[in-house]
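J.: Taken in order, these protein sequences are the chains called W and D.
Following my numbering, the numbering of the first sequence begins with 1 at its first residue and continues without gaps.
Following my numbering, the numbering of the second sequence begins with 1 at its first residue and continues without gaps.
Calculated directly from the structure, the hints in this document are not laboratory data.
Heads up, the beta-carbon is just placed ideally off N, CA and C, and yes, glycines get one too.
Some hints could be false.
Distance condition first, Cα-Cα at most 25 Å in a straight line; then the derived DSS-like pairs of lysine-lysine [unchecked claim]: (1) K115/D <-> K132/D; (2) K161/D <-> K189/W; (3) K121/D <-> K161/D; (4) K183/W <-> K161/D; (5) K161/D <-> K115/D; (6) K227/D <-> K189/W; (7) K161/D <-> K137/D; (8) K132/D <-> K121/D; (9) K260/D <-> K189/W; (10) K115/D <-> K137/D; (11) K137/D <-> K121/D; (12) K161/D <-> K260/D; (13) K115/D <-> K189/W.
Sample of chain D residues lacking proximity to chain W, with all beta carbon distances greater than 12 Å (derived) [to be verified]: (14) P2; (15) G19; (16) T54; (17) G68; (18) L87; (19) L94; (20) Q123; (21) M164; (22) V183; (23) E225; (24) V245; (25) K260.
The residues making up each chain are set out below.
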Amino acid sequence: MSAIPPSPSEFVAPAVPAVSAATRRRNRQLALAPWVFTLGFFLLWEVACRALKVPSYFLPAPSVIAQASAQYWWQLVFHSFHTLWMTLAGFGLAVAFGILLGLALGASRLVRAGSYPLLVGFNAIPKVAVVPILILWFGVGWVPPVLTAFLISFFPIVVNVATGLSTIEPEIEDVMRALGASKRDIMVKIGIPRSLPYLFGSLKVAITLAYVGSVIAESNASRNGIGNLIARASADFNVPLVFAALIALAILGVVIYVLTEMLENRMTGWAQRSQLAAG
Amino acid sequence: MPAFVDIHAVTHAYGGVEGLPAVEDLTVRVEEGEFAAVVGPSGCGKSTLMKLATGLQFPRAGTIVVDGRQVSQPVRMAGMAFQNPTLLPWRTTLDNILLPLEIVEPHRSRLRRHKAEYVEKAQGLLAQVGLKGMGDKFPWQLSGGMQQRASLCRALIHEPKLLMLDEPFGALDAFTREELWCVIRDLHAARRVTVILVTHDLREAVFLADRVVCMSARPGRVIAERKVDLPRPRDLEITYSAPFVDIVHELRGHIANARKAA
Ligand SMILES: Nc1ncnc2c1ncn2[C@@H]1O[C@H](COP(=O)(O)OP(=O)(O)O)[C@@H](O)[C@H]1O
Ligand SMILES: [Mg+2]
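So here's chain W without its partners, still in its complex pose (with noise of 0.2 Å):
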């Protein structure tokens, strides 16, 4: 969402403290704005509950979840570290092996064009269908869960590392090559410095789907993990376990998040910078 810009003629108007005022107000509303609107959510839901008497085995309202958080909460925090855990092994394959099939994929005309037909096939797969296939060869554990995080994550790696080498300038590589340059100078001086920020773009798309992915493979072939105890709890109708257990992932899920945008953040300051410096 690009915002327009304001005109010059807005920075100058004259500063009539009226204006500024109300301003003022505005930007503190603006401010507020999350923590009442997430209060009031809560706030409402358990009003709804209570006013409606929803029974808590069909929708338990948020305090009778902060009572089971507080009494599970041994067992939240440490199938909550699990399953960071599985999601962040699985993550860290898919970087690896995605990094190196985008740059081979970006480098080489001849094994993009083999290689996207199986790829784009592959990635059509719907990955919680491989799950069975996972448990069969091993087992129930942790390893269904990093590889199914795996198998679901490195595809958004793959293509924005291809693209972001793909789509070099072709005057910047004229330069260079009539400079001598070697395709792998070509690759470390500008390929792999400019798919840098479409790779951070990707790890957040990547990590999200990691998650999903090892969630989705804790709930039927791990005995560990918030994945699993979701099954469970919902096995043993313990629904205000099972909402604990979706606030923890729901947490869990943004603290995963805003770790991976500072981490882009930090590595590609300077696409940000340009953009901004653009529009």
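Given the coordinates of chain W, work out where chain D with the ligands should sit on it, guided by the hints.
T.: For chain D with the ligands alone, kept in the frame of chain W given last:
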């Protein structure tokens, strides 16, 4: 005895045999230290001529000799600048200018140990093109004209014997363009580097060049050559003098004919 850049009876077509050639039976000679300008209607193969002379493309027929050697691979001693400055946004201006030194020998192996010396050289070039002290800025912090100046520095840092400029000022406003004419003029005077400038601006060609080569519409070949014997150093004022205007006018006639023929 071949000239410094000797393109002889060259025909080149992109992709496939059946395609209409981009250039056909093209012969251009540029002497060492000479400033040659190439003008012609758009799409007539001027950029193709550049790529042929630097070994980025190989002709289907004809011979190309640069600096006494038949071109069979990229020439390794050409500096190039294009309409698009193509500076790398993740490098500072200074690091952008140093890029060729990371490729070309002997600088490549010396760069790390003699960094200070090279940085000083780059700073000197920056000052020469009017960008003194701007080395620490990132390209996106510079205006289009400033980026183009930096791109010229990058083309010159390794002291190439041949400088190829492909419509380098096409995207700039008229005032900035004239400023950069003077920058190029002074760089050429100071280094006696051989320059081939592709342009569609006839005044630019006549102001800068020793010789202007006119190309026909596609498939491109040379239809006229005009020596520019205006005295050097030339001042911008010269562009309003009668002899200057006459030459521009004459070239205009050639280009008009070439377009009509197309
Ligand atoms: N990479 C390419 N592939 C196919 N055709 C090309 C390519 N580059 C240029 N051409 C064609 O060759 C002709 C000459 O192009 P070019 O040398 O870029 O012209 P100019 O620089 O004079 O405008 C044009 O008609 C163009 O369409
Ligand atoms: Mg061109």
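J.: Decide, hint by hint, whether the structure agrees.
T.: Here is how each hint holds up against the structure:
1. K115/D <-> K132/D: At roughly 19 Å apart (the allowed maximum being 25 Å), K132/D and K115/D satisfy the hint.
2. K161/D <-> K189/W: holds (24 Å)
3. K121/D <-> K161/D: Holds: K121/D and K161/D sit about 17 Å apart, inside 25 Å.
4. K183/W <-> K161/D: Answer holds: K183/W to K161/D is near 23 Å, not above 25 Å.
5. K161/D <-> K115/D: holds (23 Å)
6. K227/D <-> K189/W: violated (41 Å)
7. K161/D <-> K137/D: violated (28 Å)
8. K132/D <-> K121/D: With Cα atoms ~12 Å apart, K132/D and K121/D stay inside 25 Å; holds.
9. K260/D <-> K189/W: The hint is violated at about 45 Å.
10. K115/D <-> K137/D: Holds, because 19 Å separates the two Cα atoms, which is no more than 25 Å.
11. K137/D <-> K121/D: Satisfied, since the Cα-Cα distance of roughly 17 Å is no more than 25 Å.
12. K161/D <-> K260/D: At roughly 37 Å apart (the allowed maximum being 25 Å), K260/D and K161/D break the hint.
13. K115/D <-> K189/W: Holds, because 18 Å separates the two Cα atoms, which is no more than 25 Å.
14. P2: Holds: least Cβ distance 20 Å, greater than 12 Å.
15. G19: The assertion about G19/D holds, with a minimum of 19 Å to chain W.
16. T54: violated (5 Å)
17. G68: Holds, because the least Cβ-Cβ distance between G68/D and chain W comes to about 17 Å, which exceeds 12 Å.
18. L87: violated (9 Å)
19. L94: holds (15 Å)
20. Q123: Q123/D is indeed farther than 12 Å from all Cβ atoms of chain W, at 21 Å.
21. M164: Answer for M164/D: violated, closest chain W Cβ roughly 7 Å.
22. V183: Non-interface label stands for V183/D: nearest chain W Cβ at 19 Å, farther than 12 Å.
23. E225: holds (25 Å)
24. V245: holds (33 Å)
25. K260: holds (31 Å)
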